[in-house]
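Colleague: Sequence:
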Amino acid sequence: MSDSDFFLGVELTGTGVHPASWRRDDSRAEDLFTGGYWVDTIAAAESAGLDAVFVPDSFGVQQGGAGVARGVLDAVAIAARVAARTHRIGLIAQAAVTHTEPFHLSKAIASLDFASLGRAGWEVTVSEGAEQARAFGRKDAQADESLWHEADEAIDAVTRLWDSWEDDAEIRDQSTGRFVDRDKLHYIDFVGENFSVKGPSITPRAPQGLPIIAVRAADALSTAVAVHRADLIRVAAADLDAAAAQRTALRAALAAAGRDPDEVRVLLDIDIHLADTVAAAQDEVAQLDRWADPISTADTNAPNTLRHFGTPDTLRELIATLRTRADGIVLRPLAAPAALRLLAAAPLPGIHTRSGHPEGVRIPATGADSRNPGTLRSRLGLARPASRYAQISTATSEGTL
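Converting from the sequence shown to this note's numbering requires adding 139 to each position, the first position being numbered 1.
Among the clues, some could well be false.
[What the hints assert, rightly or not] Straight-line C-alpha distance at most 30 Å; calculated DSS-like pairs for lysine-lysine: (1) K278 to K246; (2) K337 to K246; (3) K337 to K278.
[What the hints assert, rightly or not] Now the in silico label distances, taken between C-beta atoms and shown as ranges: (4) D320 to L379: 51 to 57 Å; (5) S335 to L379: 42 to 48 Å; (6) V330 to F253: 26 to 32 Å; (7) D452 to S250: 37 to 43 Å; (8) D283 to T387: 24 to 30 Å.
For the record, the hints were derived by calculation from the structure and aren't laboratory data. All C-beta atoms in this analysis are idealised placements derived from N, C-alpha and C, irrespective of residue type, glycine included.
Build out the structure end to end from the sequences listed, making use of the hints.
Modeller: See the structure below:
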């Protein structure tokens, strides 16, 4: 596997994954709820050579004591704010399906794909527990099996809505006054146990056709959804051998589900902290742990997640050993500004060297838009799928609007 085939992502959780990261002098915690913080941080990730940023979200308040930073901005809104100020990096926003309608999600992610010229992704999540259910007041908390069954239905409905406009549905014929070809807009007629969606979408088909879908395979239920629906599957492993075993098992499951394993990327999460020396990185993590209470650091110190505390050079060495064990990685900085500052000074080589827009995607040829090197899907080496409804005959009104 060459450098340009290995996917490099980063998950940006506020000022960092560590709950005490906001106490560092370089955390910019005072700017956390401003657009400027997110523009600067994600632009730094782009400068560092990273291929995509994962923006977490939740309908629940962060757990922990008084020292935990609380409050979350909407991930899709963050990605939309950053879209105009970045040119290459993929923008993958978390969005939960449990209390959100598929029609709304399809519109939001498709709009992000237009705003970013084909760089959007959706990380599918669910909303667990009574606290988040009470925040909406529409239904009781669900068991895990129900949550992920609903998620599977939601992804199906959303992707059908993305397909409900054919690529050439917009004709914009000024002479006849026809903006769209109504025969190329389709009802999706989706009926499931949780949703009944008629369609079509009110948003034209996105630049990528289907924006990238990511799912974190954390247990058997989420793994089953990931195997059937995801383009990117995120995993965690305690060591390199466990990472390789997970990738092998997932590729076998993809093949058994009738999917081409080479069309899906398995990404390994790695918690990192970087400094100028290995000793300094370890000392700084120790300081973060002293600032935080034991309860709030429990997730940070989870034994099943690979951790790397060192320098950009030692991180490169680790990445080199991972190339046969994963299709890429998702870095989870304990202190985000510190890690990105060092990485921006010595960018990592990822798939960002790929360029070119898939056939049929309308990308403006002038202005700032022309600097965009390609869609996220094309840089991943994934084909742009045709609308599943494009083969429906226009000779009959059945299934069309």
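Colleague: Run the structure past the numbered hints and jot down the numbers of the failing ones, going up.
Modeller: none
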